[in-house]
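Chains as they are written, first to last, in our numbering: chain A, 1 to 528; chain B, 1001 to 1183; chain C, 2001 to 2570.
Please note that the accuracy of each hint is not assured.
What the hints assert, rightly or not - Lysine-lysine pairs mimicking DSS-like chemistry, simulated, CA-CA at most 25 Å apart: (1) K210/A <-> K1081/B; (2) K205/A <-> K129/A; (3) K1049/B <-> K2356/C; (4) K2497/C <-> K1029/B; (5) K2497/C <-> K217/A; (6) K2146/C <-> K217/A; (7) K217/A <-> K2150/C; (8) K1049/B <-> K132/A; (9) K2152/C <-> K218/A; (10) K218/A <-> K2497/C; (11) K1049/B <-> K2146/C; (12) K2525/C <-> K217/A; (13) K2146/C <-> K218/A.
To be verified - In silico negatives: residues of chain C with every beta carbon more than 12 Å from chain A: (14) R2034; (15) D2054; (16) H2084; (17) R2177; (18) M2181; (19) D2422; (20) P2473.
To be clear, the hints were calculated from the coordinates, so they are not data collected in a lab.
Each residue gets a CB set at the ideal place from its N, CA and C atoms; glycine is no exception.
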Amino acid sequence: MPKITVDGREIEVAADTMLLPALIEAGIHVPHYCWHPKLSIDGSCRMCQVEVEGSPKLVIACNTPVRDGMVVRTDTPRVANARRGVMELLLVNHPIDCPICDKAGECLLQDYSYNFGTRFTRTEEPRRKLEKRKEIGPRMILDQERCILCRRCVRFCREITKTNELGVFNMGDRSVLDVLPDAPLANDYSMNTADICPVGALETKDFHHKLRVWFLKKTPSICPSCSNGCNITIQHYRNQIWRLMPRRNDAVNDTWMCDHGRLQYAFAHDTNRLRLPMVRRGEQLVASTWDDAVAEASRILRDGVKRSGPERVALLASPHLTNEELFRLAQLADVLQLRHVDTPVVVGQGDDFLIQPEKAANIAGARELGLVPRNGGRDAAGILELARQGSLDVLYVCGSDIARIFDEAVWKAALRAVPQLIVQDLFLEPIAAFATVALPSLSWAEKTGTFTNRKRRVQQIHRALAPVEGQWSDGEIFTRMLAHLSEGRWEFEPAAVFEEITRKYPAYTGLSFAGLGLQGKTLAGVEV
Amino acid sequence: MATRTVTVSRPAPMAKPQGVVRSGAAVLKGMWIANRHFWRNLWGFLRGKPTVFTVQYPEERLEHPPAFRGMPVLVQMDNGKERCVACGLCEWACPTDCITIYPAETEDEIERYPRVFDIDMSRCMFCGLCEEACPEEAIVMSHNVEIAAFSRRGTVWHKEDLLVPARELEKTRFRHIRRTYDR
Amino acid sequence: MADNQKILARIQEQCSGAVLSTDTYRGDASVVIRPERLLEVARVLRDDRELAFDLLLDVTCVDYLGQEPRFEVVYHFYSTRHHHRVRLKARVPESDPTIDSLVPLWVGANWLERETYDMYGIRFRGHPDLRRIYLYEEFEGHPLRKDYPKEKRQPLIGPGAKGDYKPRVPEIPHASRVEGMLGAELMRVQLGPSHPATHGTVRIVLDLDGETIVNADVEIGYLHRGFEKECESGFYYQAIPYTDRLNYSSAILCNVGYCLAVEKLFGVEVPLRGQFVRVIGGELSRIADHLLCIGATALELNAFTPFLYALEARELVWDLINALCGARVTSNFVRIGGVSADLPEGFADMCKHNFKRVLELVADAEGMLLENPIFRARMEGVSVMSAERLIAYGVTGPLLRAAGVDLDLRRTQPYLVYDQLDFDVPVGSQGDNLDRFLIRLTELRQSVRIVEQCLQMLPPGPVDVDDPSLRFPPKGRVFTRMEDMINQFKLVTEGPKPPPGEVYFAVESANGELGFYLVSDGTGKPYKCRARTPSFSNTQPLAEMVRGRLLADMVPTFDMINMIGGECDR
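Isolated chain A, as found in the complex:
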């Protein structure tokens, strides 16, 4: 591994890299705009200029390969002067939009100007006028005046999505970023351009004028929308999610996420969420206490199995539950000796990049942990058929995916025909309204646990929103049911339950909750 000296300190860097990523890896902060770890090298912004011994001029670190014995300086007056020069020219025509620009607080122009820039403007000329607030796609807005022409977005559309919507038109000082009128920025990953834009030129409509970023608290998690398991941060404030942004994971999603997943968060803090358990008295569902409702659900399950045998009791698990919760649910199924167990999942369109056809984050986890038909039991479609025929006495449904997989007529007929229906879901509609016992579920943003993605990578999710006071998590519900139905002390603490998983399933051996870290780990036997 080549060794280079930076500011008097010798560091070891990877071979065959450019200087800039090597410096960043070593924790040395070199300001840059146009370079991005996942895009090609542009060399247009000139902000990453550093001094390299032996070179008469300053070199751009993003396009200078490392060489063993290289001596680099980033703290000399020449470098500082160059940075000031670049900043001055970038700011000459930049509109004074900070008060109305969403990027304030995470804007590289602000950061670098404050830390490396000039103190005073030397020009008094009026600034150029271009199009502001231009809708360039169904989810994106462009402000041409703010653009500093780093071309990250152009390279993104060319290299990552290969859709080529954005381009720099005209030349020289008339250059302007734009789309062609008949080709809006509409690909499935368009909102990533707002992430990589160092300034507020590209903004998402979703976050436009919504909140100032310095209020946002950031919690690492995983996107719940499909089985790819893209790493994200949930950005929240006042117990509400304001946006989702991707997190870097080179093994899963690089630095990207799809637009669809990015927009699926409002349900987590919807005010119509079911928050109190309900039990049916006569024709109505009435609010109940947690202890009572869970006890009644346990009783229904126990009596159902005892009276009619496990043949007439079925369980439909949710692929949105965490591994820890699914583990407890599987234990519940074992205790009741159920055969008709399955995890229905919505299947839709996928693509060859990040979007997967199975639209749930933990379908792989559900299958790993045995929430599939046992001993010749029926699958989800079969379970609904049994129900419709009247062959089921008790049906426990977690989640409402069946309403999106099967026709309305099919699932409604099935649910109506079951005498005792336990539903555990986020909302009362559409499924829980039919229930005998309706138990509120927690959304992924309110839980700490793990998801397993389609490549059998186990990744952590963390609680970002607080549920209402006294609300039980799904894991706590299942655990309490187990306490009702079998002997022993049953607790639910995610890290401890994860440890139980590692002891039972060989593929999970050697893992620990804390050891997963922020990048997750793959299960044994997986080709990395």
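Add chains B and C to chain A, keeping to what the hints say.
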């Protein structure tokens, strides 16, 4: 430096028991001083030019100096809209977190405005940091301090209540803060 | 600086093996010692003739959560003989946060260590009475620790709480004598917390033998608002309005002290005009504070008229402060790197006009009081405490100067432009209440003199430092220039970021040495913002001062200590 340490000169010690003359002189001196004030004030009152320091509030009111910091208000432009673009700096600078702003988009040339702008006056300590942080001269400290309310909810002022036309503020607050614009 | 090197060298010489490291960051001599050698080192500091650190100013603690050992107990000392300072630090681990108490050497360490125990949970071995001082007994946890969230609620106690509430009989720890004259029982009464004479809520539990006070215990903390915790959770510039509320009678002095401490962290100095303006503001505040003290003393001795004269004079001073910064009491005048605004137009004339009347009123009030036999009988010879004892308590300011100790930071460690000004520092001869009263009268007149000199000597130029890393840019530029707009955004959203380090800076406030101990971790929020307030140390000797005296002497003594609740309780 020309400072010196001086020992305070104490008045001559009082003898015990106190002589009648000495005590009497002290009492008379005190009465003389108090009376001087009384007669002067009475004379001023009779003349019609009161010299009494008391201000008969609320019938009489004092004029505040231009620097005076009363409650914060939003500047209203000539077209009736607020100058505020909901940048959020005042909300962030406020030490007591008494400002709540929810921004929203408009179709006008100024594309951002505060959909909700609430100031909880019971938390506001009239420090003026919001006015200092504002990059648009949109929130300034007025001279109004008469803001009592009958309920706790009544102490929260919403955007409509906070608007004051810029023309009015020209005479008062703007004069003071614009002095510092070209430091 | 040479002095610092000599101090550090001497300490290392005298306490070999105890010193782990020394530092002179920003000119503050600082020593880290082994915690088990604390008493020995402290004794050397006090008794060694070249060091002579007789004044223990402050005991506090810094919680370095995540580091082991976690807590750093910090002591600040001052020498009234050599006028130099030193900081002593010792680390104690979380598993056993115990360290020796300094009460055997300095009686004033009593309250300071109780406060450190209350806020951080440090146990002081050998402390005679280690109980909470600000917070109530049932309080759970130690709030200034970094893992104590600011919003944490405490269980309800008192009437209305679930469970049995029994009002407690007030205790006096280490009470002596339980029999009065003729074998009568002592009567325990409470002066306060709601009492017209204790302006500033405080509760003094007294054991009376007839009219004589046999035991007294002063309980403070009724105005404790969590100043330090609040400052730690906000940026440096957001702490300034909170410093107003420390000594609310002389708010600008508190602003000045804090901003000078932050500027010391940055290593910058405000331009000359700014320094003069700060002195003017500060001295006006001092006048207001002394006027209140004098007036309130008179009021509580039943002399209502001089009280009104003093208050009228204070109104005139407040008019000046109002014109200067926009508020009479909560001034928020000084900024990091300057002041909020330059002097208004016509200020010099206003001062001249108002001062004339102020001095007339003060002369009137003085004339009514000083010759009055009742006043003299209640103030002269009352509550004398020797200078040595006061120094052992950590007392500074007019209270200490009354005992004849010539200690005024404006003269011994001048800051701002005090070294260019001409003023007298009054000291007393007897150390009784009358001396304290006279000193305040004199200081008041000297402050008027200082303001007049400043107004004459005021140089033209800027009042603010033109440094984008700590002072907001001028608004005119923010509206029209890109760099200044960015500068404004960055300063407001991330705060001024001083380099990591720690400083202690003290100013002479109206009641004595007001010091700020700031620890910076490089971010825009202070890691620790400690206010060493004079009222806290000055109120400590109250119990001893009145022991053996009549109940009626409690009131003028308390007034002359001038305990400002906000400053004492933070």
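Hint-by-hint comparison with the structure:
For the suggested pair K210/A and K1081/B, the alpha carbons sit about 20 Å apart, so the restraint of at most 25 Å is met. About 22 Å separates the Cα atoms of K205/A and K129/A, which keeps this hinted pair within 25 Å; it holds. Between K1049/B and K2356/C, the direct Cα distance comes to roughly 20 Å. Compliance with the 25 Å bound is thereby established for this hinted pair. Taken as a hint, the K2497/C and K1029/B pair is broken in the structure, with Cα atoms around 59 Å apart against an allowance of 25 Å.
Only pairs whose Cα atoms come within 25 Å are accepted, and K2497/C paired with K217/A is accepted, the gap being roughly 21 Å. With a C-alpha separation of about 19 Å, the suggested pair K2146/C and K217/A falls inside the 25 Å cut-off, and the hint holds. A distance of roughly 17 Å separates the Cα atoms of K217/A and K2150/C; the hinted pair therefore holds under the 25 Å criterion. Note on K1049/B and K132/A: the hinted pairing is violated, with a Cα-Cα distance of about 64 Å set against a maximum of 25 Å.
Only pairs whose Cα atoms come within 25 Å are accepted, and K2152/C paired with K218/A is accepted, the gap being roughly 21 Å. Proximity of K218/A to K2497/C is assessed by CA-CA distance (about 22 Å); at most 25 Å being required, the pair is judged to hold. For the hint pairing K1049/B with K2146/C, the CA-to-CA distance comes to about 61 Å; that exceeds 25 Å, so the pair is violated. Only pairs whose Cα atoms come within 25 Å are accepted, and K2525/C paired with K217/A is accepted, the gap being roughly 17 Å.
Pair hint K2146/C plus K218/A holds up; C-alpha atoms about 20 Å apart against a cutoff of 25 Å. With a minimum CB-CB distance of about 33 Å to chain A, R2034/C clears the 12 Å threshold, and the non-interface call stands. Every Cβ of chain A is farther than 12 Å from the Cβ of D2054/C; the closest lies at roughly 46 Å, confirming the non-interface assignment. No beta-carbon of chain A is positioned within 12 Å of the beta-carbon of H2084/C; the least distance is around 37 Å.
The beta carbon of R2177/C is kept farther than 12 Å from every beta carbon of chain A, the shortest such distance being approximately 54 Å. Consistency note on M2181/C: stated as away from chain A, and its beta-carbon is indeed over 12 Å from all of that chain's, at 61 Å minimum. For D2422/C, the non-interface assignment is confirmed: its Cβ lies about 39 Å from the closest Cβ of chain A, beyond the 12 Å cut-off. Chain A draws P2473/C into its interface by the beta-carbon criterion, the shortest separation being 9 Å against a cut-off of 12 Å.
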